[in-house]
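> The chain contents come next:
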Amino acid sequence: MKEQQGNNAELDKELVLRVQQGDKSAYDLLVIKYQHRIIQLVNRYVKDPSEAQDVAQETFIKAYRALANFRGDSAFYTWLYRIAINTAKNYLVSRSRRYSDYQVDVQDAEQVENAPQLKGMDTPEFLLMNDEIVAVIRAAIEKLPEEMKIAIMLREFEGLSYEEIAQAMECPVGTVRSRIFRAREAIDEKLGPLLG
Amino acid sequence: MNKEINQKISQFLDDELDHSELDNFLHNIKKQPELKSKINRYQVVTQVMKMDQPVMANGSFLDNISLQLEQEPHHFLPQRRKRHSTVWQKTSLAIAASVVGVAVIMSQQGAMQTTAEPQQIALAQPVAEQQQAIVVANNPQPTQHERLKAYLQAHNDDMYTHGSLNIHPLARVASYGRD
Numbered sequence: 033m034k035e036q037q038g039n040n041a042e043l044d045k046e047l048v049l050r051v052q053q054g055d056k057s058a059y060d061l062l063v064i065k066y067q068h069r070i071i072q073l074v075n076r077y078v079k080d081p082s083e084a085q086d087v088a089q090e091t092f093i094k095a096y097r098a099l100a101n102f103r104g105d106s107a108f109y110t111w112l113y114r115i116a117i118n119t120a121k122n123y124l125v126s127r128s129r130r131y132s133d134y135q136v137d138v139q140d141a142e143q144v145e146n147a148p149q150l151k152g153m154d155t156p157e158f159l160l161m162n163d164e165i166v167a168v169i170r171a172a173i174e175k176l177p178e179e180m181k182i183a184i185m186l187r188e189f190e191g192l193s194y195e196e197i198a199q200a201m202e203c204p205v206g207t208v209r210s211r212i213f214r215a216r217e218a219i220d221e222k223l224g225p226l227l228g
Numbered sequence: 013m014n015k016e017i018n019q020k021i022s023q024f025l026d027d028e029l030d031h032s033e034l035d036n037f038l039h040n041i042k043k044q045p046e047l048k049s050k051i052n053r054y055q056v057v058t059q060v061m062k063m064d065q066p067v068m069a070n071g072s073f074l075d076n077i078s079l080q081l082e083q084e085p086h087h088f089l090p091q092r093r094k095r096h097s098t099v100w101q102k103t104s105l106a107i108a109a110s111v112v113g114v115a116v117i118m119s120q121q122g123a124m125q126t127t128a129e130p131q132q133i134a135l136a137q138p139v140a141e142q143q144q145a146i147v148v149a150n151n152p153q154p155t156q157h158e159r160l161k162a163y164l165q166a167h168n169d170d171m172y173t174h175g176s177l178n179i180h181p182l183a184r185v186a187s188y189g190r191d
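Protein chains in written order, with our numbering: chain A, 33 to 228; chain B, 13 to 191.
Rather than coming from a laboratory, the hints here were simulated on the basis of the structure.
Watch out, some of these pointers could steer you wrong.
[To be verified] Keeping only pairs whose Cα atoms sit at most 30 angstroms apart, straight-line, the calculated DSBU-like set for lysine-lysine is: (1) A:Lys222 / B:Lys48; (2) A:Lys79 / B:Lys48; (3) A:Lys45 / B:Lys62; (4) A:Lys45 / A:Lys121; (5) B:Lys43 / A:Lys94; (6) A:Lys56 / A:Lys45; (7) B:Lys102 / A:Lys175; (8) B:Lys48 / A:Lys181; (9) B:Lys43 / A:Lys45; (10) A:Lys181 / B:Lys15; (11) B:Lys42 / A:Lys94; (12) B:Lys48 / A:Lys94; (13) B:Lys62 / A:Lys79; (14) B:Lys42 / A:Lys45; (15) A:Lys175 / A:Lys222; (16) B:Lys62 / A:Lys94; (17) B:Lys48 / A:Lys56; (18) B:Lys62 / A:Lys121; (19) B:Lys43 / A:Lys56; (20) B:Lys161 / A:Lys222; (21) B:Lys15 / B:Lys62; (22) B:Lys42 / A:Lys175; (23) A:Lys222 / B:Lys62.
Extracted from the complex, chain A is given alone in its bound form (with noise of 0.2 angstroms):
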């Protein structure tokens, strides 16, 4: 476990001297690595989905401005989650005064309240939409030959390496790296229709 995530925060490593080197693209690898995880974490403050997309996107903006600064003493996501809490807590303070600010005008208010919607994140549709793909994605998991399930359960739910699945599923490590990609193209042929 210890050695992944020192792979993990090499491979982040790698990427980040690329960007650093001008290479624009393996940002956009770490920003589709890490955005789910950082829209969750955000939305635990903001407690907002909509609102979570946005200051996500200025946490990878911000992010992407001090890199220069990245010396990579840290791994690269304890950083990135540093950053994604202080913006989160700073569009907190910004909020608080906006709505304090938004109680002197009762029309401002209803305007506040409405915002969300207008941004269509908490629409109807889309949380149907969210919903549809839970099902789908759980119902695919469910319909996955035990040996590949198990295999990308304990990747998933467990973490482990490759090399630990393959000591616990008694088989090689390539068999593994089959295994779970496998599964991940059979949830995906699944899910591809309802995200493009």
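Given chain A's structure and the hints, the job is docking chain B onto it.
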């Protein structure tokens, strides 16, 4: 070919991609931007498996960030210092070592002085008051002593030269008690 790339995506998300494969992986992602959607979907699967109530990024999340970052300048690495020749490195190393050596010797001397002083004080303390006057008399300031000696000598010479009344030369003053 795509199957192979997709497997690399799976490995990348699990942090199991080898460093040597990273360049090729990045190259493929650049060449086929649609692979980013694939990575995103794999990530959604992970989130749904891990969370009871997952909050997922919307489809335009990455695009919005990319759009904003298009205007941003590249964040280059801070300029690294150029490597000097080995001769210069050795010379600077030798200078640094010498400076450190001198600093160590000086600090040791300082330490010896500071450790010796308390012992001297401790030993001398009972008789310190008695000896103080003697020490002052035996060890006057060199300049003061010389000044006094010169003054007496001048006085002596003057007395011998002018022979003033009731004023005795130094030799007489010093031997006054013996008379």
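> Lysine 15 of chain B and lysine 62 of chain B were given as a pair; does the straight-line alpha-carbon distance stay at or below 30 angstroms?
25 angstroms, holds
> Taking 30 angstroms as the top limit, are the C-alpha atoms of lysine 175 of chain A and lysine 222 of chain A close enough?
11 angstroms, holds
> Within a Cα-Cα threshold of 30 angstroms, do lysine 79 of chain A and lysine 48 of chain B meet the stated pairing?
28 angstroms, holds
> With the threshold set at 30 angstroms, check whether the alpha-carbon distance from lysine 45 of chain A to lysine 121 of chain A stays at or below it.
Satisfied, since the Cα-Cα distance of roughly 27 angstroms is no more than 30 angstroms.
> With a cut-off of 30 angstroms on the C-alpha distance, tell me whether lysine 222 of chain A and lysine 62 of chain B pass.
19 angstroms, holds
> What's the verdict on lysine 43 of chain B and lysine 94 of chain A, does the C-alpha distance respect the 30 angstroms limit or exceed it?
Holds, at roughly 27 angstroms.
> Has the given pair, lysine 48 of chain B with lysine 94 of chain A, been kept, meaning a C-alpha gap of at most 30 angstroms?
With Cα atoms ~22 angstroms apart, lysine 48 of chain B and lysine 94 of chain A stay inside 30 angstroms; holds.
> Check the hint pairing lysine 181 of chain A with lysine 15 of chain B against an upper bound of 30 angstroms on the C-alpha distance.
Holds, because 20 angstroms separates the two Cα atoms, which is no more than 30 angstroms.
> Below or equal to 30 angstroms on CA atoms is what counts here, so check lysine 42 of chain B against lysine 45 of chain A.
19 angstroms, holds
> Measure nothing beyond the straight line between the CA atoms of lysine 56 of chain A and lysine 45 of chain A; if it is 30 angstroms or shorter, mark the hint as holding.
Distance of about 14 angstroms is within 30 angstroms: holds.
> Is the Cα-Cα distance between lysine 102 of chain B and lysine 175 of chain A 30 angstroms or less?
67 angstroms, violated
> Against the 30 angstroms threshold, does the CA-CA distance of lysine 62 of chain B and lysine 79 of chain A hold or violate the hint?
19 angstroms, holds
When held up to the earlier numbered hints, the structure conflicts with 7, 20, 22 and fits the remainder.
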